[in-house]
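Protein chains in written order, with this note's numbering: chain L, 166 to 739; chain H, 7 to 282.
None of these hints come from the bench; they were simulated from the model. We treat Cβ as the ideally placed atom computed from N, Cα and C, and that holds for glycine. Be aware that one or more of the hints could be misleading.
For each label pair, taking beta carbons as the anchor points, the in silico distance ranges come out as [said to hold, decoys possible]:
{"id": "1", "chain 1": "H", "residue 1": "Leu91", "chain 2": "L", "residue 2": "Ala212", "range": "26 to 34 angstroms"}
{"id": "2", "chain 1": "H", "residue 1": "Asp185", "chain 2": "L", "residue 2": "Phe512", "range": "30 to 38 angstroms"}
{"id": "3", "chain 1": "L", "residue 1": "Ser533", "chain 2": "H", "residue 2": "Arg132", "range": "54 to 62 angstroms"}
{"id": "4", "chain 1": "L", "residue 1": "Val300", "chain 2": "H", "residue 2": "Ser279", "range": "50 to 58 angstroms"}
{"id": "5", "chain 1": "H", "residue 1": "Arg31", "chain 2": "L", "residue 2": "Phe208", "range": "17 to 25 angstroms"}
Chain H residues, not near chain L, derived (Cβ > 12 angstroms throughout) [to be verified]:
{"id": "6", "residue": "Arg30"}
{"id": "7", "residue": "His170"}
{"id": "8", "residue": "Ile215"}
{"id": "9", "residue": "Val244"}
Okay, the calculated bits of chain H under chain L, using three or more residues with CB under 8 angstroms as the criterion [stated by the list, open to error]:
{"id": "10", "region": "89-97"}
{"id": "11", "region": "104-110"}
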Amino acid sequence: MADVDREPGFRFVPTSGGPVGRLAVEQYGALAFMRFRVFANSFRTGAGAFEFGARAISFVIYTFMGVGLGIGAGAAAYALVARNHLHALAIEFWVLCFLWQAISIVLASFVEQFDLSSLLRFPVNFASFFLLHLVFGIFDVSTLAGMLACIGIFVGSVMARPDLGGSIFLSLAAFAVFNILLVRAIFAWLDRWLAKRRSREIVSAIFLFAMLSLQLLNPVLHDSDRGGVRHARHGFAQGADAGRIAPWLKELGSVQVWLPPGLAAASIEASEHRQEPAEETALLSVMGLYALAAAAMLGIRLRAEYRGENLGEAPGRAEIAKQNDTWLLAGRGPVSAEIEKELHVLFRSMTQLYAVCVPPVMVVIIASLFRNGSNFMQRSFHMALPICVAYGLLGFTQLIYNNLGAEGKGIQLVFLFPVRLRTILLAKNLLHGCLYLLTAFFSGAMTALRLGLPEPAIVAVTVAWLAFALPANLAAGNVLSVMMAYRVNLGRIGRQTGSQANALLSMLIQTAILGAGAGVISLCAVFGNLLLAVPILLGLTLVSVTGWLLVLRNADEMANGQRDTLIARLAKAD
Amino acid sequence: MIEDELAILAQMDTAAIHTHGLTRRFGELMAVEDVTLRVVQGQFFGFLGPNGAGKSTTIKMLTGLLEPSAGTIEILGRSFSATALDLKRDIGVVPEGMALLGRLTASEYLRFVGRMYGLDRETVNRRTEELLEFMQLANERRKMITDFSHGMQKKLALAAAVIHGPKVLFLDEPFEGVDAVAAGMLKSMLQGMIQRGSTIFLTTHVLEIVERLCSHVAIIHQGRLVANGSIEDLRAGVASSLPGAETSQRLTLEEIFLAIVGASGGEPVQELSWLT
């Protein structure tokens with residue numbers, strides 16, 4: 166047998182040594198170098214430099230948000246610890262735990278994540294693979310924000326009770342480790358479940374059922390005696406609600422103390438009683454067990470991936486039986502064909518459904534803030550409808566502002582078909598517009614269900630704002646979709662290759678559209694004539710519709726100028 | 007009969023594809039330089055070249071996926087550009103990467119493509135069924151394309167390229183990953199299209215297929231067209247430049263290709279000492 170290692174003096178780096186062995190260290194170095202080169206090479210193109218600029222701005226924004234969260238968490242911790250309400254720290258830990266997981270999922274579609282499974286063709290040992298997952302996880306936006314919040318809580322608590330510093334540090338460290346492991350495990354399992362079509366169908370069904378339940382929960386919990394009550398008259402029996410919910414909260418309290426956020430708070434509380442160090446140790450040990458369980462969940466998933474499981478798209482059920490496919494839409498034109506295709510894709514994309522459906526669900530919670538929230542929110546009660554509707558539409562950002570992103574390699578068809586791009590964009594816009602209006606109606610209905618029927622004047626103003634906002638969003642969305650498209654993998658929640666430039670600009674444009682509406686409505690309200698906002702917003706609608714039509718008219722020219730870039734960006738392999 | 011023959015002769019004289027000075031630069035890189043080609047109607051045309059020679063870039067320009075830096079393109083006697091929509095109805099393409107939509111099923115995809123070419127509902131449905139049967143994908147009609155194997159995806163891409171009955175078909179590596187049975191079936195389908203007067207522009211690295219199917223061949227090397235003509239013409243040309251002209255009749259297309267692009271008999275130029 167031939168000796169492969171024939172070159173004099175040549176030796177492979179030994180594969181032994183686990184995650185800190187020589188080979189592993191070499192690989193970490195190679196990976197770091199690769200990431201640096203990818204970063205440096207991105208400056209070779211104008212788009213890359215622009216993308217870097219957008220990332221830098223996003224970094225500053227995220228940093229401010231993270232630091233803000235940290236300061237807020239610290240102030241809350243200080244207030245609670247100083248007043249000796251250590252048990253109430255559990256609320257803060259629960260909120261933080263929820264945000265830690267939720268932010269990462271919400272941002273998954275927008276933040277670029279390196280797919281570590283591409284490393285498996287190299288002799289990477291499992292421990293290194295696992296470690297790399299954790300290291301990359303630490304640089305997630307949610308984890309960085311969570312860590313800043315933990316630091317804030319630590320600083321706030323220690324300022325109030327310096328004597329508890331050691332215990333607080335240990336509890337927070339265990340809590341942070343648990344959350345880092347949990348968020349990675351959730352991502353790993355979600356990607357696996359959603360890779361199977363059958364699972365996707367089940368998850369989608371559960372998701373929709375949960376949403377429906379959430380919507381029904383509120384009317385069921387609350388009385389039905391508010392029919393016909395206007396926003397302006399919103400008094401109702403809060404005390405009765407509190408009385409009904411109190412036993413539930415008590416039950417929840419006894420359960421939550423055995424879950425990680427509750428345990429973290431309980432261990433800090435136990436440390437106050439110096440005579441019972443055993444209790445503190447026991448609670449921290451249980452926290453450690455939770456962290457180990459999260460690590461095991463992650464480990465099981467990563468082990469399967471490490472052994473070569475294909476995460477790209479697990480085969481669906483073989484359906485041999487012939488079925489006559491029917492068309493969803495009549496009509497032979499390209500518009501109906503494109504709309505039908507978009508509908509097929511949308512209903513098979515958990516990520517897109519999730520993005521569109523979650524904000525209207527959250528409207529229920531946002532609407533509650535106008536009744537039970539801060540004074541400012543309660544003072545803005547009359548504006549609840551437009552604010553809630555605008556919030557409910559946030560999920561359209563990716564769909565509208567990157568409407569070619571899901572085409573993938575099919576983007577080439579756009580240039581091969583005997584159809585103008587403007588026709589294809591028009592079809593997408595029609596579908597997205599209909600969904601947008603449906604969502605707006607749904608959000609409005611949820612707001613009305615929660616807060617009572619709104620005044621006719623505010624309904625008119627909201628409709629006028631929608632008439633302005635929809636074409637404005639579609640126009641801007643078409644431009645960004647052509648000029649800054651990025652590939653969307655519809656089968657995955659994580660590991661997307663997003664575009665910070667697109668995300669940042671879409672956020673700025675949406676802020677401007679919201680700002681314009683808010684400005685006009687506020688000014689008219691200040692002058693005591695809210696209805697005056699309607700003609701003004703309709704005037705703006707003329708401008709936005711004209712802009713949308715102009716964008717459509719020039720779409721082909723714009724796309725032909727971007728053809729190479731578009732195809733290169735979207736047709737690249739997963 | 008004479009009228010038919012005259013019609014066929016007239017058709018033969020019309021260029022299905024005609025490029026003049028076709029050039030594409032990517033910054034400093036000259037990917038395709040001054041390519042002038044004429045492919046007559048009804049021809050099975052092989053477009054060959056080593057990796058990175060400019061084959062895919064040329065095919066992208068010919069199908070409107072890439073704008074030429076210079077030069078002109080005529081398809082079926084009419085000037086072609088990305089905005090020549092009527093002309094696009096006469097063209098079918100299996101592009102590099104296949105341009106499939108992974109989230110659709112095979113039948114949904116074919117119906118979508120048919121409708122985008124403006125076929126009526128009955129035609130689209132009928133052709134979809136026929137193509138799925140022909141490509142042996144009928145049992146997989148409910149599977150999403152992303153679940154297909156590479157070979158199945160190739161067959162589907164080819165089905166989509168012909169659903170509207172194009173007069174000119176551009177195929178970029180259509181047989182890559184396709185099993186022998188399916189490849190044989192596809193070849194007979196393509197030959198049937200040629201017999202009915204279609205023109206096929208094929209790029210592939212499998213020279214045996216080109217030798218068996220194509221009547222004319224062009225070879226591109228480092229962005230420049232270095233050979234163009236019938237296989238017999240190329241064989242004669244290469245033979246005349248080689249010693250031992252008596253063996254020229256037995257030159258395979260692979261030998262012709264290697265002689266033209268400058269490699270020496272397929273042997274690695276330099277051995278890698280550390281590779282067994």
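Tested hints:
no.: 1; hint: H:Leu91 - L:Ala212: 26 to 34 angstroms; verdict: 28 angstroms, holds
no.: 2; hint: H:Asp185 - L:Phe512: 30 to 38 angstroms; verdict: 33 angstroms, holds
no.: 3; hint: L:Ser533 - H:Arg132: 54 to 62 angstroms; verdict: 56 angstroms, holds
no.: 4; hint: L:Val300 - H:Ser279: 50 to 58 angstroms; verdict: 38 angstroms, violated
no.: 5; hint: H:Arg31 - L:Phe208: 17 to 25 angstroms; verdict: 22 angstroms, holds
no.: 6; hint: Arg30; verdict: 10 angstroms, violated
no.: 7; hint: His170; verdict: 9 angstroms, violated
no.: 8; hint: Ile215; verdict: 23 angstroms, holds
no.: 9; hint: Val244; verdict: 36 angstroms, holds
no.: 10; hint: 89-97; verdict: holds (count 7)
no.: 11; hint: 104-110; verdict: holds (count 7)
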